[in-house]
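One line per chain: the protein sequences are A and B, in this order.
Each residue of the first sequence is one higher than the last, beginning at 4 in the numbering used here.
Each residue of the second sequence is one higher than the last, beginning at 4 in the numbering used here.
Be aware that a few hints might be false.
Since the list can't tell identical chains apart, any single copy or any two copies may satisfy a pair.
To be verified - No more than 20 Å apart at the CA atoms, straight line, and that leaves these computed lysine to aspartate or glutamate pairs for EDC-like: (1) K210 <-> E56; (2) K50 <-> E284; (3) K44 <-> E69; (4) K220 <-> E114; (5) K210 <-> E76; (6) K220 <-> D231; (7) K220 <-> E141; (8) K44 <-> E83; (9) K220 <-> E59; (10) K220 <-> D71; (11) K210 <-> E114; (12) K220 <-> D300; (13) K210 <-> D49; (14) K50 <-> E69; (15) K220 <-> E233; (16) K44 <-> E216; (17) K210 <-> E75; (18) K44 <-> E226; (19) K210 <-> E113; (20) K44 <-> D231.
Hint data in this document are derived by calculation from the structure and do not stem from the laboratory.
2 protein chains.
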Amino acid sequence: MTTGTPQRVLLTGAGTGIAALASISLALAGHTVFASMREPKGRNQDKAQALREAAEGASGSLTVVELDVLSEESARAAVEAVESSAGGLDVVVHNAAHLMVGVTEAFSPEEVLRAFDVNAVGALRVNRAVLPVMRRQESGLLLWVGSGTTRAIPPFLGPYTAAKAAFDAFADSTAWDVAAYGIETTILMPGVFTHGTAHFANAAFPKETARTEAYGKIAPFLESIGRDTERLMVNGVSADPQIVADEIVRVVDLPAGTRPRRTVADGSDYGAEIVNGAAEELRLRLARRMGVTALLDRI
Amino acid sequence: MTTGTPQRVLLTGAGTGIAALASISLALAGHTVFASMREPKGRNQDKAQALREAAEGASGSLTVVELDVLSEESARAAVEAVESSAGGLDVVVHNAAHLMVGVTEAFSPEEVLRAFDVNAVGALRVNRAVLPVMRRQESGLLLWVGSGTTRAIPPFLGPYTAAKAAFDAFADSTAWDVAAYGIETTILMPGVFTHGTAHFANAAFPKETARTEAYGKIAPFLESIGRDTERLMVNGVSADPQIVADEIVRVVDLPAGTRPRRTVADGSDYGAEIVNGAAEELRLRLARRMGVTALLDRI
Numbered sequence: 004m005t006t007g008t009p010q011r012v013l014l015t016g017a018g019t020g021i022a023a024l025a026s027i028s029l030a031l032a033g034h035t036v037f038a039s040m041r042e043p044k045g046r047n048q049d050k051a052q053a054l055r056e057a058a059e060g061a062s063g064s065l066t067v068v069e070l071d072v073l074s075e076e077s078a079r080a081a082v083e084a085v086e087s088s089a090g091g092l093d094v095v096v097h098n099a100a101h102l103m104v105g106v107t108e109a110f111s112p113e114e115v116l117r118a119f120d121v122n123a124v125g126a127l128r129v130n131r132a133v134l135p136v137m138r139r140q141e142s143g144l145l146l147w148v149g150s151g152t153t154r155a156i157p158p159f160l161g162p163y164t165a166a167k168a169a170f171d172a173f174a175d176s177t178a179w180d181v182a183a184y185g186i187e188t189t190i191l192m193p194g195v196f197t198h199g200t201a202h203f204a205n206a207a208f209p210k211e212t213a214r215t216e217a218y219g220k221i222a223p224f225l226e227s228i229g230r231d232t233e234r235l236m237v238n239g240v241s242a243d244p245q246i247v248a249d250e251i252v253r254v255v256d257l258p259a260g261t262r263p264r265r266t267v268a269d270g271s272d273y274g275a276e277i278v279n280g281a282a283e284e285l286r287l288r289l290a291r292r293m294g295v296t297a298l299l300d301r302i
Numbered sequence: 004m005t006t007g008t009p010q011r012v013l014l015t016g017a018g019t020g021i022a023a024l025a026s027i028s029l030a031l032a033g034h035t036v037f038a039s040m041r042e043p044k045g046r047n048q049d050k051a052q053a054l055r056e057a058a059e060g061a062s063g064s065l066t067v068v069e070l071d072v073l074s075e076e077s078a079r080a081a082v083e084a085v086e087s088s089a090g091g092l093d094v095v096v097h098n099a100a101h102l103m104v105g106v107t108e109a110f111s112p113e114e115v116l117r118a119f120d121v122n123a124v125g126a127l128r129v130n131r132a133v134l135p136v137m138r139r140q141e142s143g144l145l146l147w148v149g150s151g152t153t154r155a156i157p158p159f160l161g162p163y164t165a166a167k168a169a170f171d172a173f174a175d176s177t178a179w180d181v182a183a184y185g186i187e188t189t190i191l192m193p194g195v196f197t198h199g200t201a202h203f204a205n206a207a208f209p210k211e212t213a214r215t216e217a218y219g220k221i222a223p224f225l226e227s228i229g230r231d232t233e234r235l236m237v238n239g240v241s242a243d244p245q246i247v248a249d250e251i252v253r254v255v256d257l258p259a260g261t262r263p264r265r266t267v268a269d270g271s272d273y274g275a276e277i278v279n280g281a282a283e284e285l286r287l288r289l290a291r292r293m294g295v296t297a298l299l300d301r302i
């Protein structure tokens, strides 16, 4: 059970992975959960049903909502459904993401633009539906599920890590705008998870193969990237994505006004924290030097 | 005069600003410069002519080339023109960029996607034309003109800073792929420049105005953002963008294999260096832990 006030939470990309786990954990903790995905009555009906069943008997509730982050109309309809059901919205968890693996040169501009659209612009579409509600309420939490990889870009994840870096920057730029309206920002940076989510199983590769074939010198590294990534696991134990879901529950449970600006949930010891510390100091210094500390959530 | 071997250098976005200054400085230093821009025989013919005149009598040369980073065909034609004129290409300076100013929620998904296309995907289109040449040569330098703002996102530059963060991530992901082919990477991070470039004069604002008007509480900060940014200038002296052009010349002049991975040219003391230091250590640690140090330019 939540120790604080039950929160009305909308999660994107809840069909699989971190947001699926978090939707269930949040409902069990007593929150009013709206788990969104594409086509919950169509091709994802089994995923929707699995979520509902996992939350049966929970002290909170779990409702599956249709939301495609590539459509502003879909985002608007989802937020309207949440509002009419729950009378408002306290938290949005931006989680929808799609992994792409390959040599950067091999991705076509169209493939790269699509990665950016799903992984970064999608969150802005949802915000354009959510923020008018939160601004009216003068309260809310934007919880952005970013990635520790944006602090040290690994090989062969070009369009994905670039889009996640943009996503992270959008979180920071939006935070300046909304803090005056009582809307908090938490950027949660998971470490590397190679099991327990559909992230790697559903990864996309560049369609055009000739460019990849031209990189013969590095072909062995492209072939071994899965095993090389596995080496990051501490003591050979693959990190469990439930730790990210647990961190989402912890942040949502915190009283408004006390949520951390950034947090890390990392079983791989990726090490984003060392960069986060320096970056946070620079952000506060920037606010002081520009004379805009009034735009910070808190100093 | 250059102290090393004259380099064949292609610059994007050379009609104005940093790349215009760098094109002239590189020609004066003895290099073979291809300054590219859109429509050098059309609406930008005055800019093209001004560049040629400024480089008259230089020990190197300056040729204006047509290149629109939004077109793969245009990028390919430009690189073919450089190759047939100079027999190869040693350096590409990715500089083309377009500033956007406003409340993040107010930018439409289409405006954001366009910012990303110009400021980030544009460099990938140029790379898809340039890298096959450099891989064949087994030498080259990718010089990415990023932004110090990606290390601490300032207010009201959402789509621009997100796109520059993606651009920076593309630089890092491409570097893993190309180092085995003798191709170096330098990411140059300028600080804040409010004068001496067309960056702010040509800035775009969100077309839809109702969303901006809904942010009444922060309107005074949006109105004063120019003056607040000016406060970053050390001792009230606005930084001169020529220092960025000078840094480009310095990096191009360095012997192959000795160029810095990242460098800062900052008259505003923005402070990106503190984050760069931590991030560089994390990048090297990642390579060691994954067992992929063979993909680094150097350790």
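Which constraints among the numbered hints does this structure fail? Numbers only, ascending. 1, 2, 4, 9, 10, 13, 15, 16, 18 and 20
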